[in-house]
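Peer 1: Note that my numbering numbers the sequence shown so that position 53 is 33, with each residue one more than the last.
Check the hints yourself; a few may be wrong.
[Stated by the list, open to error] For each label pair, taking beta carbons as the anchor points, the in silico distance ranges come out as:
{"#": "1", "residue 1": "159", "residue 2": "263", "range": "17 to 27 Å"}
{"#": "2", "residue 1": "102", "residue 2": "219", "range": "35 to 45 Å"}
{"#": "3", "residue 1": "264", "residue 2": "23", "range": "43 to 53 Å"}
{"#": "4", "residue 1": "151", "residue 2": "102", "range": "17 to 27 Å"}
{"#": "5", "residue 1": "226", "residue 2": "22", "range": "49 to 59 Å"}
{"#": "6", "residue 1": "232", "residue 2": "156", "range": "36 to 46 Å"}
{"#": "7", "residue 1": "2", "residue 2": "158", "range": "43 to 53 Å"}
{"#": "8", "residue 1": "223", "residue 2": "23", "range": "49 to 59 Å"}
{"#": "9", "residue 1": "168", "residue 2": "232", "range": "30 to 40 Å"}
{"#": "10", "residue 1": "185", "residue 2": "232", "range": "22 to 32 Å"}
{"#": "11", "residue 1": "205", "residue 2": "27", "range": "18 to 28 Å"}
Note that these hints are calculated values from the structure, not bench results.
All C-beta atoms, glycine included, are put in the ideal place defined by N, C-alpha and C.
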Amino acid sequence: MATTVAGAPAAGLERSCGPGRSDWMRSRSLGDGVQVLQAWFGGRGFDRHRHDTYAIGVTDVGVQAFDYRGATEASTAGQVVVLHPDEPHDGRAGTRAGFGYRIVYVAPGRIQEAARAIRGRACALPFVPAPVAVNARLARAIRSAFRLDGEPLGVDGLIADLTEALLDADPSSGPPRTVALDGPALDRARRFLDAETGRVIRSVELEAITGLGRYELARQFRAAFGTSPYRYSLLRRLDRARTRLHREPSLADLALAAGFADQAHLSRQFRAAFGVTPGRYRALAAAPLARRSS
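With these hints in hand, go ahead and build the complete structure from the sequences.
Peer 2: Right, dumping it as structure tokens:
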């Protein structure tokens, strides 16, 4: 549970790739100030250290034990761990069976910006008193981070979800602000996403079109349309690809035309949305036509 957003290992991580041959760890950046990491350790994971980000993780399997704020803590499968910036901690398996976890590191500045939009005023960084808890909302947000491809709208939505859940878990943060909808701005955002289905949309584009900050827009968009701007845009691009499957023989060209990095990227997102790969969808759609012809 220790790395820096910039990508350089934090103190104590040297041992995570040591003699324990079954131990493993992999991480990737989702953009400025956001990194995800997944790992499994059979014994000691890393020594006492601290980093300057929020570390928000979920234990996938086993018992994760660590020393934090003067106490020994343990997280079991399904529980969420929240470590605040600059707080020393270590990490190890709580049993001989080992443990696995997923974690998201977020720069405090990004949490602060989202919190200000959510509360409608300047406020302190959210502080969650219990480092280990059952928090379904945080767990969902953490798991969703590992399905993101680093698109800006997706990362902004992740930060908004994490920040809202952190604020809800902070008893000192006060009640949430009522979401007031800016109908014309939301309509402009939706029409823009409907029209731009051939590329990745950046957050600054929607900010310019709507006049709303990215986190305020994310809150209002979800309240109005039941999903995030990222998810809405992704599905419109997948709809574009699906309607053109029958007349575009090259899936690689189809992927690029819908703003995906390559055919594998399209196939992964297509299957997640529709339950089948683009190739199988095309074959299934063509089957009735083939039967009629025969």
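Peer 1: If a hint holds in the structure, say so; if it doesn't, say that too.
Peer 2: Comparing the hints with the structure gives:
no. : hint                   : in the structure
1   : 159 to 263: 17 to 27 Å : 44 Å, violated
2   : 102 to 219: 35 to 45 Å : 40 Å, holds
3   : 264 to 23: 43 to 53 Å  : 48 Å, holds
4   : 151 to 102: 17 to 27 Å : 19 Å, holds
5   : 226 to 22: 49 to 59 Å  : 51 Å, holds
6   : 232 to 156: 36 to 46 Å : 45 Å, holds
7   : 2 to 158: 43 to 53 Å   : 50 Å, holds
8   : 223 to 23: 49 to 59 Å  : 53 Å, holds
9   : 168 to 232: 30 to 40 Å : 33 Å, holds
10  : 185 to 232: 22 to 32 Å : 26 Å, holds
11  : 205 to 27: 18 to 28 Å  : 47 Å, violated
Comparing the model with each earlier hint shows violations of hints 1 and 11; every other hint is respected.
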